[in-house]
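There are 2 protein chains.
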Amino acid sequence: MIQSPYLLFLGDAPDPLAAKVAQGIRDWRPDLAVGQYRMEGCNADMDLLDMTLDEAIEAGAKTLVVGVANRGGMISPSWLHVLESAMHKGLDIASGLHNLLRDEPTLMAASMATGQALHDVRVPDVKYPIANGRRRTGKRCLAVGTDCSVGKMYTGLAMEREMLEREMKATFRPTGQTGILITGGGIPLDAVVADFMAGAVEWLTPDNDPDHWDLIEGQGSLFHASYSGVTLALIHGGQPDALVLCHEPTRKHMRGLPDYALPSLEDLRDLALTMARIVNPDVYVAGISVNTHGLDEDAAEEYLAEVEARMGLPTVDPFRDGAGRLVDALK
Amino acid sequence: MIQSPYLLFLGDAPDPLAAKVAQGIRDWRPDLAVGQYRMEGCNADMDLLDMTLDEAIEAGAKTLVVGVANRGGMISPSWLHVLESAMHKGLDIASGLHNLLRDEPTLMAASMATGQALHDVRVPDVKYPIANGRRRTGKRCLAVGTDCSVGKMYTGLAMEREMLEREMKATFRPTGQTGILITGGGIPLDAVVADFMAGAVEWLTPDNDPDHWDLIEGQGSLFHASYSGVTLALIHGGQPDALVLCHEPTRKHMRGLPDYALPSLEDLRDLALTMARIVNPDVYVAGISVNTHGLDEDAAEEYLAEVEARMGLPTVDPFRDGAGRLVDALK
Numbered sequence: 001m002i003q004s005p006y007l008l009f010l011g012d013a014p015d016p017l018a019a020k021v022a023q024g025i026r027d028w029r030p031d032l033a034v035g036q037y038r039m040e041g042c043n044a045d046m047d048l049l050d051m052t053l054d055e056a057i058e059a060g061a062k063t064l065v066v067g068v069a070n071r072g073g074m075i076s077p078s079w080l081h082v083l084e085s086a087m088h089k090g091l092d093i094a095s096g097l098h099n100l101l102r103d104e105p106t107l108m109a110a111s112m113a114t115g116q117a118l119h120d121v122r123v124p125d126v127k128y129p130i131a132n133g134r135r136r137t138g139k140r141c142l143a144v145g146t147d148c149s150v151g152k153m154y155t156g157l158a159m160e161r162e163m164l165e166r167e168m169k170a171t172f173r174p175t176g177q178t179g180i181l182i183t184g185g186g187i188p189l190d191a192v193v194a195d196f197m198a199g200a201v202e203w204l205t206p207d208n209d210p211d212h213w214d215l216i217e218g219q220g221s222l223f224h225a226s227y228s229g230v231t232l233a234l235i236h237g238g239q240p241d242a243l244v245l246c247h248e249p250t251r252k253h254m255r256g257l258p259d260y261a262l263p264s265l266e267d268l269r270d271l272a273l274t275m276a277r278i279v280n281p282d283v284y285v286a287g288i289s290v291n292t293h294g295l296d297e298d299a300a301e302e303y304l305a306e307v308e309a310r311m312g313l314p315t316v317d318p319f320r321d322g323a324g325r326l327v328d329a330l331k
Numbered sequence: 001m002i003q004s005p006y007l008l009f010l011g012d013a014p015d016p017l018a019a020k021v022a023q024g025i026r027d028w029r030p031d032l033a034v035g036q037y038r039m040e041g042c043n044a045d046m047d048l049l050d051m052t053l054d055e056a057i058e059a060g061a062k063t064l065v066v067g068v069a070n071r072g073g074m075i076s077p078s079w080l081h082v083l084e085s086a087m088h089k090g091l092d093i094a095s096g097l098h099n100l101l102r103d104e105p106t107l108m109a110a111s112m113a114t115g116q117a118l119h120d121v122r123v124p125d126v127k128y129p130i131a132n133g134r135r136r137t138g139k140r141c142l143a144v145g146t147d148c149s150v151g152k153m154y155t156g157l158a159m160e161r162e163m164l165e166r167e168m169k170a171t172f173r174p175t176g177q178t179g180i181l182i183t184g185g186g187i188p189l190d191a192v193v194a195d196f197m198a199g200a201v202e203w204l205t206p207d208n209d210p211d212h213w214d215l216i217e218g219q220g221s222l223f224h225a226s227y228s229g230v231t232l233a234l235i236h237g238g239q240p241d242a243l244v245l246c247h248e249p250t251r252k253h254m255r256g257l258p259d260y261a262l263p264s265l266e267d268l269r270d271l272a273l274t275m276a277r278i279v280n281p282d283v284y285v286a287g288i289s290v291n292t293h294g295l296d297e298d299a300a301e302e303y304l305a306e307v308e309a310r311m312g313l314p315t316v317d318p319f320r321d322g323a324g325r326l327v328d329a330l331k
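Protein chains in written order, with the working numbering: chain A, 1 to 331; chain B, 1 to 331.
Just to be clear, a hint being listed does not mean it is correct.
Note that identical chains are pooled: a pair holds if it fits in a single copy or bridges any two copies.
List time: in silico DMTMM-like cross-link candidates among lysine to aspartate or glutamate, alpha-carbon distance up to 25 Å [what the hints assert, rightly or not]: (1) LYS127 - ASP103; (2) LYS127 - ASP190; (3) LYS89 - ASP259; (4) LYS331 - ASP50; (5) LYS169 - ASP282; (6) LYS20 - ASP282; (7) LYS139 - ASP259; (8) LYS252 - ASP270; (9) LYS252 - ASP282; (10) LYS127 - ASP50; (11) LYS169 - ASP209; (12) LYS89 - GLU58; (13) LYS139 - ASP241; (14) LYS139 - ASP270; (15) LYS62 - GLU248; (16) LYS331 - ASP103.
Keep in mind the hints are simulated off the structure, nothing from the lab.
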């Protein structure tokens, strides 16, 4: 587990999109961040207090979280002296970048010298079991998508927020780097060894109170040739009671696969239910979450209404409308 | 690649089943083995010449292949002195066991001292790419099963043998430890990191001559809660033109999952085709391979005839009948 609260490191983020991780923490766990650290040329702003390392420590920060990704997800050489100083002043460092903190000799040396931790959340640090498929107590809801990056994490977090506001028992269960950094725990599923994928998901979503819901972050898509195996392990390890179908209506082809068209929501519903019934015959689709970011307001409303009528399921954009109707649809 | 020919190490195999890897080499690549090495108490026999290490080297052996697995797939302490001696006499060592040769200090020391290689085929030694889903040339046939361990490897090897006898272009493509040791190459798919599973299968089955067939070894089952993600990565990375359905009719439940019944061959056909059509709309089921080991001859014949009539597909036990009718069914 990553020690909180955090100082969000925005580095020299060229634009707000590059600070996706910081934005996620700001949106979903604002209490976890005492402030932000920006370098010369930073074009992202989380609307948090700008702090020096000393001010952050004074404010109680325990971990500097790398909230920015430059092109290629690399650690920028210009960041290194800040990260080193942070360790010498008493902060741990956490990152979800492709190249690892532990592979930077200067950071490794600073960690050895100071005893501060380097958290590379892209790398599993647990020996996960092989899945046993046994029926578990508690309820689980899984977001499945027509494609990668269509709003599955956002949907799960929005449902968790809504459920906690209603004083329901609910826990968002991250399965990717951003989700892990946002919440401080989870599994980096795409980095788990094949044989243990479904077991890692079982480990993440254990037996629970009968009225407790795990909101499991989805990954990839059953229809995505590169990552479909990860998605199926999530379905079979997650043993969902409810599915939420996620979709982005303006996408021209599967992400990264120019030769592949997106499936219809009907195809997704049928295939995801067929797969999920293998581990839970009573699974149902609770609703549909559409990322309408690419549509104007009228077009979005029209699209949501059309899908809702066609599919006979509550259809919302949780960013515009909240996740209330999806939560209402859970049995 | 593992240097051949091999000396097959049978150790103190308590029964013939424990020497499954050696038996596979004996059955499918007999030219690769110069002889066998048996210790006190060995109850397996490959009907090869019993050899000392010196005799094996004299006969040209380059690698001692651990062809035996004791309970738990561990390296037995009683084997270590033989493996050490083998290295000092000039043999490499290859193993597919769970615990690794490289984790045995005495073997590692012998490897450092002698320069002989330790091949742990359970661990990938290639940095596989992420799958790109692009259409490849050549033909590919994939075995898919109602369950794990129902004869998928055997089916692929039997089809390869039949095709080579007919002077067709064909290559068996192993995706598991036994297959890798039998042929000297392949991918240990269950040990590949999730994100790279489908890419590893693409890497294994690249563009080829239009009339060349890859016979891809299947793994797991779409219906097996523990391993289904591996199976789907094989289907989407393998981009099969033809599928062969594999089944073992006497199994009471999914292997290792007492609460899960086996799917029907119809369910397997429909789900595997649905999944494979995502990457190749023209995919078809060529035939059905049944492991009738658990049935007597009359019952086996009756079962095969019943399935063939019901499914309308050539149905054989390649061990009893050969794989000729499966090969005939390839388009």
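Hint-by-hint comparison with the structure:
1. Taking the closest pair of Cα atoms, LYS127 and ASP103 come within 25 Å of each other both inside a single copy (21 Å) and across two copies (17 Å).
2. Taking CA atoms no more than 25 Å apart as the test, LYS127 paired with ASP190 passes in both settings, with 15 Å inside one copy and 15 Å between copies.
3. In this assembly of identical chains, the alpha carbons of LYS89 and ASP259 never lie at most 25 Å apart, being 51 Å within a copy and 54 Å across copies at closest.
4. Taking the closest pair of Cα atoms, LYS331 and ASP50 never come within 25 Å of each other, the shortest separation being 44 Å inside a single copy and 67 Å across copies.
5. In this assembly of identical chains, LYS169 and ASP282 lie within 25 Å of each other by CA distance solely inside one copy; the values are 21 Å within and 47 Å between copies.
6. Proximity of LYS20 and ASP282 under a CA criterion of 25 Å is satisfied in neither setting, with 36 Å inside one chain copy and 40 Å between copies.
7. For the identical chains of this complex, LYS139 and ASP259 are inter-copy neighbours only, at 19 Å across copies versus 37 Å inside a copy, given an alpha-carbon limit of 25 Å.
8. Only within a single protomer do LYS252 and ASP270 lie at most 25 Å apart by alpha-carbon distance; the minimum there is 22 Å, versus 28 Å between protomers.
9. With identical chains, the CA atoms of LYS252 and ASP282 are at most 25 Å apart between copies only, with a shortest distance of 23 Å across copies and 34 Å within one.
10. When the C-alpha separation of LYS127 and ASP50 is checked against a cutoff of 25 Å, the pair qualifies neither within a copy, at 39 Å, nor between copies, at 41 Å.
11. For a Cα distance limit of 25 Å, the shortest separation of LYS169 from ASP209 inside one copy, 9 Å, qualifies, whereas the shortest one across copies, 58 Å, does not.
12. For the identical chains of this complex, LYS89 and GLU58 are intra-copy neighbours only, at 11 Å inside a copy versus 65 Å across copies, given an alpha-carbon limit of 25 Å.
13. Taking identical chains as interchangeable, the C-alpha atoms of LYS139 and ASP241 lie at most 25 Å apart only when both belong to the same chain, with a minimum of 6 Å there against 40 Å between chains.
14. Taking identical chains as interchangeable, the C-alpha atoms of LYS139 and ASP270 lie at most 25 Å apart only when both belong to the same chain, with a minimum of 21 Å there against 29 Å between chains.
15. With identical chains, the CA atoms of LYS62 and GLU248 are never at most 25 Å apart, being 37 Å at best within one copy and 56 Å at best between copies.
16. In this assembly of identical chains, the alpha carbons of LYS331 and ASP103 never lie at most 25 Å apart, being 47 Å within a copy and 50 Å across copies at closest.
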